[in-house]
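**Q** For reference, the chains in residue letters:
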Amino acid sequence: MANLPALPTLTLIRRRPEGSVLARQSRWSFTRGSAILKPMTQATDFPRIAPLGLEGVLVSFADRLDLAANSAAIAFRAALVSDPPDGVTETSVSLASVLVCCDATATDPDDLIEALHRRAQSADWYAKGLPKERKLWYIPAAFDPEVAPQLIEFASLLGISPAELTARITAAPLRVLTIGFAPGQPYLGALPERLNLPRQTDLTPKVPAGALVCAVRQITLFTAPGPTGWRHIGQTAFRNFQPGSATPFPLTAGDEIRWRPVSTSEIKTLAEDPMGGATHEPAL
Amino acid sequence: MTAHLTITKVGPGATLQDQGRPGQLANGVSRGGAADPLALLEGALLLGQDTAAAAIELATTPITLHTRQHPAIIALSGAPMRSDLAWNATHILPAETQVSLHPGREGIYSYLHIAGGFLTDPILGSRATHLKAGLGQPLQSGDYLRYDPKAKATADLVLKATTPDQTAPIRILPSVQTALFAEAERARFEAATFTPDPRSTRSALRLSHDDKGFEASGQLDILSEATLPGDIQITGDGTAYVLMPDCQTTGGYPRIAAVIPSDLPRLVQTPPGAPVTFRFISRAEALSLHRAEMTRRKALSKQISPRLRDPRDIADLLSYQLISGITAGREEP
Numbered sequence: 115m116a117n118l119p120a121l122p123t124l125t126l127i128r129r130r131p132e133g134s135v136l137a138r139q140s141r142w143s144f145t146r147g148s149a150i151l152k153p154m155t156q157a158t159d160f161p162r163i164a165p166l167g168l169e170g171v172l173v174s175f176a177d178r179l180d181l182a183a184n185s186a187a188i189a190f191r192a193a194l195v196s197d198p199p200d201g202v203t204e205t206s207v208s209l210a211s212v213l214v215c216c217d218a219t220a221t222d223p224d225d226l227i228e229a230l231h232r233r234a235q236s237a238d239w240y241a242k243g244l245p246k247e248r249k250l251w252y253i254p255a256a257f258d259p260e261v262a263p264q265l266i267e268f269a270s271l272l273g274i275s276p277a278e279l280t281a282r283i284t285a286a287p288l289r290v291l292t293i294g295f296a297p298g299q300p301y302l303g304a305l306p307e308r309l310n311l312p313r314q315t316d317l318t319p320k321v322p323a324g325a326l327v328c329a330v331r332q333i334t335l336f337t338a339p340g341p342t343g344w345r346h347i348g349q350t351a352f353r354n355f356q357p358g359s360a361t362p363f364p365l366t367a368g369d370e371i372r373w374r375p376v377s378t379s380e381i382k383t384l385a386e387d388p389m390g391g392a393t394h395e396p397a398l
Numbered sequence: 012m013t014a015h016l017t018i019t020k021v022g023p024g025a026t027l028q029d030q031g032r033p034g035q036l037a038n039g040v041s042r043g044g045a046a047d048p049l050a051l052l053e054g055a056l057l058l059g060q061d062t063a064a065a066a067i068e069l070a071t072t073p074i075t076l077h078t079r080q081h082p083a084i085i086a087l088s089g090a091p092m093r094s095d096l097a098w099n100a101t102h103i104l105p106a107e108t109q110v111s112l113h114p115g116r117e118g119i120y121s122y123l124h125i126a127g128g129f130l131t132d133p134i135l136g137s138r139a140t141h142l143k144a145g146l147g148q149p150l151q152s153g154d155y156l157r158y159d160p161k162a163k164a165t166a167d168l169v170l171k172a173t174t175p176d177q178t179a180p181i182r183i184l185p186s187v188q189t190a191l192f193a194e195a196e197r198a199r200f201e202a203a204t205f206t207p208d209p210r211s212t213r214s215a216l217r218l219s220h221d222d223k224g225f226e227a228s229g230q231l232d233i234l235s236e237a238t239l240p241g242d243i244q245i246t247g248d249g250t251a252y253v254l255m256p257d258c259q260t261t262g263g264y265p266r267i268a269a270v271i272p273s274d275l276p277r278l279v280q281t282p283p284g285a286p287v288t289f290r291f292i293s294r295a296e297a298l299s300l301h302r303a304e305m306t307r308r309k310a311l312s313k314q315i316s317p318r319l320r321d322p323r324d325i326a327d328l329l330s331y332q333l334i335s336g337i338t339a340g341r342e343e344p
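Chains as they are written, first to last, in my numbering: chain A, 115 to 398; chain B, 12 to 344.
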């Protein structure tokens, strides 16, 4: 069987097809035990809790990229991990939502939905703050056209110099918003609006593992070599997935990463170290 | 002590699979595992072993393999393949024996199980190949697969396999973006007859149909969020994809529905060209169907019995020693 074109995983802003009409403004919810859809009158009803298939529940804190909503999702998931409602088998966090799974042979998923409603109302998750055990990482990265072939293009599209782009990207830590796309692969953000560029229309055929790529106010660090619609503007020797290690996935949603600019030759000498010269300390 | 089988010849689409890696979604790794978990279970039950044992999954691809200095007891399940060996049954392969399996007409995913399971080094607690996540490699000609020749199992057992009604609609539940599709669009989805596209993979089953694509009419700026196998995504050109075990953990396409877990094995085994229709059901009905199916699976081992062989079907009849010894007069085995 031939390979499908890769489905984009991270779609922040999707253009509406020409001529389509925004027909509905109201939100909808599913009533217990039925497939009937009922409109809800509230314009904003976050956190929003909806079934995802039979055994999944999605708890959403926003419908667009928002650091407060991401914090809320990370805090909500951390609370579920430390004190799971009955029947929870697995949880994960996306940019602004939390997936909660159960085993429907043992648990009625609608009971889980009710428990999650109670949990969602039990605190102001947006104000909760990020969990305490987070790490602040310092990861060496080379911002040099030799290993970052789209750095110059990215900077010129923004109308700034490559040096200024590098300075802005390395100026402050970025949050690991979520892990996805490939094992341990972090999505980091949000970059200032000034650095906002959409995806490129063509795919870059192949970036190496450890590639630092950027689009839509986010950076991701590639776990494995592959094509991307984002621009390759930096290179690290960091491995997001270290099979066989005691901690195969070094990064967790909520961690912060600050890039430590180094030379291309230093990145090359770090290639033997799966951590790529990275260090970490507790995040404050 | 371990023994090994040699894969002398194999086409593309052959991987080692088990139950996959539950619990890794937060690390960006979807569960993966056998595309047809029911067939994986059936093979494990035939060999009387844990469903965690790894088996060869063949997605309409041929394979020829050889035992070496040790015999092996194997089971065959899932989509029936053309071979000298009966399907949904266990067999003893004597030492230095060759087995060839060729894709049949029914189904997509076939499984070759071995007593004790194939013994590769697990990654994150599983031997399942997950190509999308970069875990493991497809099986290739010349590969050796280790197994435990002392693992206990009984040859010549047969399972009265599940034969689902392939023409019945696949039952679906509303998903998180179902309401973004106008009622008429949802009705059109339920009325449509699809067929699996041959370009389908272990990540997504692509559905083709003759009419125009499906379009969400509500808010389309969907922030990337968690996805699960069974979710039916509608891509930008209106094509429906059912997510499969190796799907990505997140996605931004609107989902019109989700296939109920108990109907997924039937859907993934539908070959290109065969019709697929969908019908929305209530969550209460889905839950009761799911529980009934799980109860049925628990009792599946009762469907296993010794295989009564008709001498006319035994190709190598003359190689059996038929007249020596004295029997106790009981029926076989």
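If you're looking for bench data, these hints aren't it; they were derived computationally from the structure. Note that beta-carbon positions come from the ideal geometry of N, C-alpha and C, so glycine has one too. Heads up, some of the hints might be wrong.
What the hints assert, rightly or not - Here are a few chain A residues that face chain B, going by a calculated C-beta distance under 8 angstroms:
id, residue
1, Leu168
2, Gly170
3, Arg178
4, Pro198
5, Asp200
6, Val202
7, Glu204
8, Ala218
9, Phe295
10, Ala296
11, Asn310
12, Leu311
13, Pro312
14, Pro341
15, Thr342
16, Pro362
As the list claims (entries may be wrong) - Covered stretches of chain B (chain A as the covering partner; in silico rule of three or more C-beta atoms under 8 angstroms from a C-beta of chain A):
id, region
17, 103-116
18, 182-191
19, 300-314
**Q** Which numbered hints are broken by the structure, listed smallest first?
**A** Violated hints (numbers, rising): 4, 5, 6, 11, 12, 13, 14, 15, 17; every other hint is consistent with the structure.
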